[in-house]
Structure formats: structure tokens, C-alpha cells
Amino acid sequence: KNQVEQSPQSLIILEGKNCTLQCNYTVSPFSNLRWYKQDTGRGPVSLTIMTFSENTKSNGRYTATLDADTKQSSLHITASQLSDSASYICVVSAYFSGGYNKLIFGAGTRLAVHP
Amino acid sequence: DGGITQSPKYLFRKEGQNVTLSCEQNLNHDAMYWYRQDPGQGLRLIYYSQIVNDFQKGDIAEGYSVSREKKESFPLTVTSAQKNPTAFYLCASSITGGDHTYEQYFGPGTRLTVT
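Residue numbers (the working numbering), protein chains in the order written: chain A, 1 to 115; chain B, 116 to 230.
Check the hints yourself; a few may be wrong.
[Claimed, not checked] Ranges between beta-carbon positions, derived for each pair:
(1) B/228 with A/52: 39 to 49 Å
(2) B/192 with A/67: 19 to 29 Å
(3) A/95 with B/169: 17 to 27 Å
(4) A/55 with B/188: 35 to 45 Å
(5) B/174 with A/115: 33 to 43 Å
(6) A/55 with B/184: 24 to 34 Å
Hints in this document: simulated from the structure, not taken from any laboratory.
Glycine included, each C-beta is placed from N, C-alpha and C at the ideal position.
So that you can see chain A by itself, here it is in the shape it has in the complex:
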């Protein structure tokens, strides 16, 4: 069964600290892995997309890693800011013929950054 599991469910950190969010998946056939940021009551916004051959990708203070062998990914946030408070969603894409990518969404990690 295609599944994406994220940990922790929620996390509280102090402003300026670093944190790492985890994502484990059992999705086949794997196409790519994405991390999204979702502010409360808004739509998700893409942070990174990684294909099978990529093992790290950065977007400003966000760095995602991918280990396709162990089917694990992490999202590292450096020097957190209050605006980083949001849910972070790991999404794994399974490729099917006809050009359609099915996205399997994790439940997200809710991050709260406190001053």
C-alpha cells in the first residue's frame, strides 16, 4: 500500500533554532518527492522537488534530503523564524503511464516557532 508517514506530528522550537522533520514512504513506482509548506487556512506552497537521482536540495533556509534506498527524506530548517510556523507536508509522487503523477500526501508536521 502506498503510504507516506511523517514525524513528529507536531514540534515547538524557539526562534533562531534549527529543526529537522522526517518523512518515510512506501510508494511505488517512485517518481519524485516534494515538500510543501502550508500556512493555516491556506493552500500548500512547494518548497522542493527531488527526483530519484537527487539526494539533497536547498531553498533558502530549507534543505531537503532524500535516501531512495531507505525511502526516507528529511527537511532541515536553519535559523528558524516566526514565519516558519506552519504545517510541512511530505508528498511522494508515483508515476503512471499517460503522463499522470499520483501524489500521496503525508499528514504533515505542524511546526510552531516561539519567540
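Take the given structure of chain A and dock chain B to it, following the hints.
For chain B alone, coordinates are given in the frame of chain A:
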């Protein structure tokens, strides 16, 4: 939220009434998607459309209907047959074909409450 708009942001309906959620995009994307988001769960695909006048059921299509008469528009109707319609509904769009790492861009969402 890019070039995708959803309206209204909040919607209240009585049980037994059908309701239609609007989704419009000006990104010239061929593909459009409807997702449902419930607390503590990942997004689940309701319907998707890869081209005008064609759409396919997602994982939880029962109690929902869609149409795709124009490239820019993909309205979702929540019918009275949907047993648990209260949720946050997200529309997304993307290009199709060739590059399977293409991004899905999400709208701001509509929160539907049925009492």
C-alpha cells in the same frame, strides 16, 4: 496561491443541499485537481482532469461531481450523497506531459461546513 482562485473562502450549508465550489486558474495549465483535507490526514484526491471535457475519479469521488467545460475552470459540486462533507477543499493545477516533476500549484482553499 499563484494564479489559482477559489471561492468562496468559507461556505455554510444545510444538510441535504448540494453546493458548488469554484476553482479558476490563469496559468494556462491543462491539468486540474480537487483535494479534500481533514484534520490529521493527508490530502486526498477527489477528481482530476488532464484536459478539457475529460475528468477522472480520484480516491474518494463518491458524493462529488465535477465538470471541465473550459480550460480555466474546474468546479466541484458536493452533493447530498456525500456522507461527511465538512472539510477544507483545495483545488490545484499543473502542466502535463513530458516532465514528470511538474509542480502542482494550489489555490487558497474553501472551508465547507455542513450542519
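Hints and how they fare:
1. B/228 with A/52: 39 to 49 Å: The hinted range 39 to 49 Å holds for residue 228 of chain B and residue 52 of chain A, with Cβ atoms some 41 Å apart.
2. B/192 with A/67: 19 to 29 Å: violated (42 Å)
3. A/95 with B/169: 17 to 27 Å: The hinted range 17 to 27 Å holds for residue 95 of chain A and residue 169 of chain B, with Cβ atoms some 20 Å apart.
4. A/55 with B/188: 35 to 45 Å: holds (40 Å)
5. B/174 with A/115: 33 to 43 Å: This hint holds: roughly 40 Å between Cβ atoms.
6. A/55 with B/184: 24 to 34 Å: 44 Å Cβ-Cβ, so the 24 to 34 Å window is violated.
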